[in-house]
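Going down the list, the protein sequences come from chains A and B.
Here the numbering used here is used: the first residue of the first sequence is 102, the next is one more, and so on.
Here the numbering used here is used: the first residue of the second sequence is 4, the next is one more, and so on.
Honestly, the hints are just simulated from the structure, not real lab data.
Among the clues, some could well be false.
Said to hold, decoys possible - Here chain B is said to cover these stretches of chain A; the calculated rule only asks that three of the stretch's residues, wherever they fall, bring their Cβ under 8 Å from a Cβ of chain B:
| # | region |
| --- | --- |
| 1 | 168 to 182 |
| 2 | 321 to 331 |
| 3 | 390 to 402 |
By construction, the Cβ of each residue, glycine as well, lies at the ideal position given by its N, Cα and C atoms.
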Amino acid sequence: MLRFIASRLARAALTIAMVVTFAFIVLRLSGDPAQIIMGADAPPEAVDAFRTAWGLDEPIWVQYFSYFWAILQGDLGRSMRDGRDAIVLVTERIPATLALTLPALAIKICLGIPAGIYAALHRNSLADRVVMIIAVAGFTVPSFVLGLLLVLLFAVQLGWLPSGGQESWRHGILPVITLGLGGAAVLARFTRSAMLEVLGQPFIRTASAKGVPWHAVVTGHALPNAAIPTVTIIGFMVGSLIAGAVVVESVFSWPGVGRLLVVAVANRDLAVVQCILLLVAITMVCANLIVDLLYGLLDPRLRAAPGKAA
Amino acid sequence: MPLVSLTGLSVAFDGAPALRGIDLSVAKGEAVGLVGESGCGKSVTWLAALGLLPPKARITGSVMLEGQELIGAPASILEKVRGGRIAMIFQDPASSLNPVHRIGKQITEALALHRKMVGQAARSEAKRLLDLVGIPDATRRLDAYPHELSGGQNQRVMIAIALAGQPELLVADEPTTALDVTIQAQILELLKDLRRHMGMTLVLISHDLGVVADSCERVAVMYAGRIVEEAPISRLFSAAAHPYTQGLLGALPPMDGPRRRLAAIPGGVPEPWAMPPGCAFAPRCAHRVAACDAGVPGLIPLAASHRVACLQVAQMPIPRESVPA
């Protein structure tokens, strides 16, 4: 078990290092921050002074290693825009993002999983078809389209809810629904197919053959097995709690991490973009790690040491 | 009164018939074999009887368990019968056990349902059952998961689960097909032992005449969703009357005497949606006459407890020995 965790942690560190490297290279290739931040009309001396101040005149590999060294010491750099620590800029946006993504995650789980189970248990019924049509729609309609549709209906036509901003909890309703519905659709589809797969297994017939009532076959025998693939998807959703709302935050002008990312990319605010990407990579990797550990808990076949509880 | 009697039991999936009128009685304490090639409806017969087929299966006819009709019976009745009066074990023991539950839990679940045993009492009864089916180190095995046991051991666990409800009838659906030959023999021996000690009735479903001959007193041969011949096992081997049964016996390798080519039955089993109008075996039969296509032949008594569904039986070149009644 310890060896399992150690190897997972090593892989996680490698993944994060690769993300950091990739982000560094892509950002350096995609434009000159000095030019963009100082503006096209800035005098060349000012641009050069900016470059020297931020170390952009050094060879790229020197920049890379000093950046990496700084990260290892916990220094994620400062924003080129206002000089504040990138990590402070990012972390002060996190609560706003979580205020959207956490309730949305709850909607995804509370709506998607029961819908998927219901559809699987009533396969080919009218209810199944309706759930699946909604799920496919939720799956294929991009979140900005769904968001705009909701704004059109509830903000513009009915005037029930505000269309954007963050002044009160009511401003959060539409973005949360937009995020939640799309994810619920994905989860419903996965849960349904996982349940159908499990319900076709011989051990379900065995359970029925020994006289277990159907509801207990579903809850006691089918669900614990169907949970295994479903947890993967939920893990992915947990991993995108920080960065999963970029589009929706933009549509609803919600001042979260996603909006910060969009602005920082447009401004080539390197430290901020890199800081967000690092944070996203860390949450994703952590979520994956938790999923791996949960697998062992849910499926005895995947436990490292057979016969011992994980 | 027989323990179970099936009358005119028919099953269709999406309009294609899988069973076309099964008449079969099983008396208390006897061991009946049900043979036929895969797809002939052996398993479907008993899954239908216990209401274990998917909802899309259309089931007609009757299954009486000592005066209790099972076809169309409410779930509460069927749940008491399943495992409590008729238990069933299946072909692939590894996938027939729930991979995420411990062996002990899967046995005690049946004990709680049918014998209201819980806690330590259930656990010690589960251990006793594992001992009974010959699993060594039973106490430790209670906490094992199915993937930690071999196929043969898993089938023993399946049998222990089946015994947990103290059923009167055990339906064993190809219980040895997925196992090694040596393990097969052990499992069959175990089933015979249990029958002897507990007086349990056994229905053994198999595609293997040899397996049935070894464990059963009576055998019913199925072809394309119907029983075509039914006889005591010794009678079937000495005086098989149906051309299909004769074909099956001809395909068995002889244990002694000179080596000979095994005789295969020409042609293939008709598809469920393209059944011949009369006898389903007629297209492959060497003795076919025009009358064979006129209607589906019923089971005709030939001798004591020997019935056959063939119009040409009188013309068959079979030994007409008399069987003591």
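Taking the hints in turn, this is what the structure says about them:
Given as covered by chain B, the region 168 to 182 of chain A fails the check, having 0 residues with a CB less than 8 Å from a CB of that chain where 3 are the minimum. Interface restraint, the region 321 to 331 of chain A with chain B: holds (4 residues with C-beta to C-beta distance below 8 Å; minimum three). Beta-carbon proximity to chain B at under 8 Å applies to 4 residues in the region 390 to 402 of chain A; the threshold of 3 is reached and the given coverage holds.
In this structure, the one hint that does not hold is number 1.
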